[in-house]
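Chains A and B, in that order, give the protein sequences. Per full-length UniProt numbering, residue 1 is the first one in the first sequence, and the count goes up by one each step. Per full-length UniProt numbering, residue 1 is the first one in the second sequence, and the count goes up by one each step.
Watch out, some of these pointers could steer you wrong.
[Unchecked claim] Label pairs and their computed distance ranges (CB to CB): (1) T490/A x C9/B: 40 to 50 Å; (2) T61/B x D164/A: 22 to 32 Å; (3) D830/A x G10/B: 45 to 55 Å; (4) C9/B x A683/A: 15 to 25 Å; (5) K41/B x G538/A: 38 to 48 Å; (6) T490/A x D71/B: 31 to 41 Å; (7) L880/A x A82/B: 55 to 65 Å; (8) G897/A x P49/B: 52 to 62 Å; (9) D71/B x D164/A: 22 to 32 Å; (10) K41/B x S712/A: 57 to 67 Å; (11) D242/A x G63/B: 22 to 32 Å.
Honestly, the hints are just simulated from the structure, not real lab data. For every residue, glycine included, the Cβ atom is placed at its ideal position computed from N, Cα and C.
In case you want the letters, here they are:
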Amino acid sequence: MTSHRIGSLANETLHFTFDGTRYDGRPGDTIASALLANGVRVVGRSFKYHRPRGIMGYSVEEPNALVDVTLNGVTTPNLRATTEALVDGMVVRAVNASPTAAGDRKGFLDRFAALLPAGFYYKTFIWPDWHRFEPSIRAMAGLGRLDPTNEPPAQNPQIAAHCDVLVIGGGPAGLHAATQAASEGRSVMLVDDQQTIGGSLLFRHAEIDGKQGGEWASAVAAELTAQGHRVLANTTAYGVYDHNLVALWQRRLGQPDAQWRVRARRIVLAAGAIERPLLFPDNDRPGIMLADAALSYLAQHKVLVGRRIVLATNNGRAYPVAEALRAAGADVTIADLRQQAHDGAIAGARIEAVHGSNGVEAVTVSGQRLAADCLLMSGGLTPSVHLYCQAGGKLAYDETIAAFVPREDLPGMRVVGAASGHYSLAEILGGDGPIHPYAIAPAWPEAGVQGRQWVDFQNDVTVKDIALAERENFRAVEHLKRYTTLGMATDQGKTSNMNGLATMAALTGRTIPQTGTTTYRPPFVPVPFGVVAGRRRGEFFNPVRRLVLENEHREAGATFREYGGWLRPAWFGGANGAANIRREAIAARTAVAILDGSPLGKIEVIGPDAGALVDYNSYNTLSTLKPGRIRYGFMLTESGVIYDDGVTTKIADDHYVVSCSSGHVAGVVARLEEWRQDRFDPARVFVHNSTPQWATLTASGPRARKLVSSLSLGVDLDDAVLPHMAFADGQFDGAMARVSRVSFTGDRSYEIAVPSSKAANLLAAMREAGKELDAVLMGSEALLLLRAEKGYLIAGKDTDGTTMPHDLGITGPMNKRQNEYVGRRSLFTDNAQRADRQQLVGLTVEGQTMLPVGTHGVETVNNTRRSIGFVTSSYESPTLNRPIALGLIERGMERKGEMIDLVHLGQVFRAEITDPCAFDPEGARLNA
Amino acid sequence: MQLFSCPFCGPRDETEFTFGGEAGKIRPEPAPEVSAEDWSKYLHRVGNPRGATSEIWVHQTCGEYFLMERDTVSHVVSTTNALRKS
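Assemble the whole structure, with the sequences as input and the hints as a guide.
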């Protein structure tokens with residue numbers, strides 16, 4: 001037993017297991033402090049060499065102590081033991097170790113370390129193919145184990161907030177800045193990633209305003225809260241984005257973690273600094289720790305990290321640590337690397353060897369072997385400038401403190417305290433400076449060192465690896481990082497980047513600022529994906545739009561699928577899709593079918609210039625319609641490509657309804673609105689999307705008129721009054737009803753639109769009226785089949801990003817129209833006029849096999865096969881008792897009657913090019 | 001995420017806006033008098049400047065198109081102006 005608990009802050013006991021062994025902890029413990037309290041030394045294995053590793057830090061900087069935690073049946077991999085609060089009943093396992101961290105089977109790998117330098121995998125597993133080796137290498141290297149059954153619910157809230165001043169970091173500098181901003185009348189938000197607000201005051205002795213440091217911190221936090229400001233502990237600011245948007249990850253005990261998106265007028269970055277390790281042979285042994293970590297465990301958890309401690313330092317901050325550890329009963333020897341030492345420390349010390357492979361047993365300092373169970377390192381501080389750099393800040397190297405610091409404040413961000421290189425309380429709050437001034441003497445590595453000295457503990461990068469990178473000319477820091485993986489582990493090099501680039505500087509003879517740093521990117525710490533995703537997962541990821549009549553359709557036995565973002569009945573009548581689609585299609589051709597067409601667009605264009613706007617937006621002229629008449633047409637992009645098709649109704653000279661495809665409603669509204677504001681007088685024409693206000697039910701088939709006539713809509717259904725492509729206003733159930741004669745099936749059809757609130761009554765009335773007519777409810781699949789029999793296209797399915805109206809044979813408007821419309825010029829370019837364009841045709845396959853959608857038409861020229869187009873729609877037609885298909889084929893329209901070859905995944909077909917319309921080409925059934 | 005200021009609604013998150021095009025582009029017409037080169041320029045040529053730029057954006061939630069002057073490097077939005085005359 002080396003590290004141990006020396007007192008208690010709480011009486012309650014928490015139970016947990018680590019690698020199968022039971023331990024006790026206390027409320028307020030992290031997993032790391034509880035393991036140290038129980039004297040556990042080896043908590044993990046290194047990534048590459050499987051070296052035994054112990055706890056080195058106390059917070060986000062920890063490179064070694066990664067664990068998988070199972071709690072309440074849910075396993076979360078790769079948690080940092082130093083930041084994870086201990087909860088009763090946790091099952092904790094070391095990562096990358098089997099069966100346990102202390103007795104890892106792959107520990108032998110370290111003996112082959114000489115064979116595994118940086119770049120080993122790049123150089124070795126080239127022949128015959130990296131992918132042959134990848135699976136086993138990936139299985140061997142690696143971190144925690146994912147539990148594939150774990151699909152946590154989408155319950156992480158996303159909270160948006162605003163404030164005048166966001167203070168990141170609740171140490172003395174952050175608290176001081178927050179108080180100041182609050183006193184100036186600003187709204188303040190203060191966040192800190194630790195369980196308690198206070199930062200270094202929680203473990204470094206200080207007296208402020210007559211209070212002990214920690215007490216002062218909680219008093220300030222309480223005062224801020226009382227004034228109505230927000231103070232969040234357990235909350236990490238992990239990313240700064242454009243215009244001062246800061247992303248926060250808040251851990252909430254007993255509740256799902258939350259993500260905050262805070263828009264701050266000003267940010268005060270008081271993120272503190274992280275202590276650097278020192279470089280000496282075997283500096284990764286269990287029992288070697290950062291000095292600040294030892295002090296934190298002592299002050300915050302009453303855990304003493306060792307009994308005989310050697311404290312190696314190159315600066316004055318280590319002396320108070322030694323005092324505190326001695327006061328707690330430890331025997332501490334200070335090995336000061338500087339020539340000038342205080343208080344009986346060994347001056348000009350060199351750490352020459354660390355003895356004990358599974359934990360420190362002794363340390364050789366300047367030729368003298370000292371028995372020790374713990375070796376503390378204080379290599380100076382690295383300011384946490386991550387968020388400053390993410391915001392675009394540039395760094396300057398400060399020789400006096402041997403660290404990169406912010407060059408200047410940004411327009412929206414000020415950096416204060418240790419994050420800006422001001423380490424002493426006196427610099428922040430005024431008053432006397434410390435008894436032991438910082439006075440760092442840099443202890444950077446030198447060229448030609450002996451033994452293995454770890455720079456990046458988590459990714460197993462040593463000084464020798466950096467030397468190899470230098471020899472192989474990977475000297476730029478970004479190259480060094482990628483070649484050796486320095487700083488690329490989940491700790492993102494918080495303890496290693498500075499030592500790494502200083503090593504490279506020493507090896508290349510450049511200065512540290514000449515060598516520079518790598519780019520800082522979010523996130524500052526690993527953030528669970530679920531927190532970032534929030535509730536936008538599962539059915540909330542891309543929510544479907546739902547029909548007003550969904551419940552009625554479910555009751556009627558509908559099977560639902562998504563069409564253009566809408567959840568619609570695909571068919572009715574149970575699981576057998578093919579049989580039901582066939583049944584519905586036959587009934588629609590022989591009797592009458594009822595279809596819910598509510599998602600069809602209903603965009604109202606109103607005003608004296610309404611006709612001019614719809615004309616400009618359309619390939620076909622619409623304003624020449626008589627009121628009460630309907631026209632089919634296309635909308636083009638400025639490139640002349642078909643964007644959408646649909647029908648437009650002229651209700652009056654100043655009122656049109658544009659009925660576009662269900663999936664294009666938002667897009668068509670946007671185009672109309674853009675041209676309205678850009679080209680027209682917006683006071684003379686309005687665009688209103690009324691799609692959600694209406695429900696549309698369609699009766700289609702030979703008995704459709706009979707069905708509609710019994711609904712008492714108050715509309716004269718005589719074909720002379722209401723012919724195909726005509727519209728009439730009626731009444732249903734005391735509300736407005738719009739009746740349109742348009743057909744997507746090729747049979748006589750009536751679309752009845754009523755306010756959504758009347759939809760259920762209309763459906764009931766239509767089903768009741770349909771009983772004696774053998775009416776069926778029809779889903780989208782049968783409709784898609786019926787329209788394909790007629791050769792009616794679906795924009796985006798039977799057309800692609802090149803199809804123009806003349807590729808469908810519709811040339812009237814382009815030849816006759818004299819005024820401007822969207823896409824007009826593009827229809828006359830050389831490309832648009834090419835003879836070999838792909839054109840929409842029907843394809844009648846030989847035999848009874850259906851052509852798969854996507855099948856390519858092919859021709860062979862000089863023994864080379866090339867595609868001449870492809871199948872866009874394909875169905876088994878119950879009406880014609882044969883397969884039907886549509887396709888886009890080169891020069892298709894002039895090749896009708898020709899047989900072509902088609903190929904799909906090695907399967908060969910032959911088919912005849914026909915007219916797209918395979919059924920009732922005269923259109924007689926529209927009026928039957 | 002950037003913060004844009006709609007001239008009608010005030011500062012809102014970037015996700016509420018859609019890019020409408022570079023400002024000052026004139027649609028060449030009538031079509032029969034427009035050369036293929038001029039039409040191609042209208043369709044495909046964008047300045048994409050590094051630095052100050054003048055753009056048309058639409059605020060989706062209110063539906064208004066407006067002019068925005070911003071910097072493509074620093075992301076500073078200098079002004080936003082309504083296109084409406086009154």
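Starting from the range 45 to 55 Å, see whether the pair D830/A and G10/B falls in it by beta-carbon distance.
Holds: the Cβ-Cβ distance is about 48 Å, inside 45 to 55 Å.
Confirm or reject the claim that L880/A and A82/B have a C-beta distance inside 55 to 65 Å.
58 Å, holds
Verdict for T490/A, D71/B (Cβ pair) under range 31 to 41 Å:
36 Å, holds
Could you tell me whether the CB distance from T490/A to C9/B stays inside 40 to 50 Å?
With a Cβ separation near 41 Å, T490/A and C9/B satisfy 40 to 50 Å, so the hint holds.
Has the hinted range 38 to 48 Å been met by the Cβ atoms of K41/B and G538/A?
46 Å, holds
Hint says 22 to 32 Å; check whether the CB-CB distance for T61/B and D164/A agrees.
With Cβ atoms ~25 Å apart, the hint holds.
When you take the CB atoms of D71/B and D164/A, is the distance between them in 22 to 32 Å?
25 Å, holds
A range of 22 to 32 Å was offered for this pair. Does it hold for the Cβ distance of D242/A and G63/B?
Once the Cβ atoms are compared, 24 Å apart, the range 22 to 32 Å for G63/B and D242/A holds.
Look at the Cβ atoms of K41/B and S712/A and judge whether their distance stays inside 57 to 67 Å.
59 Å, holds
If I claimed the Cβ atoms of G897/A and P49/B lie 52 to 62 Å apart, would that claim hold in this structure?
Roughly 55 Å apart at Cβ, these two residues keep to the hinted range, so it holds.
Could you say whether the range 15 to 25 Å given as a hint is met by the Cβ separation of C9/B and A683/A?
Holds: the Cβ-Cβ distance is about 20 Å, inside 15 to 25 Å.
Hint check: no violations occur; every hint is consistent with the structure.
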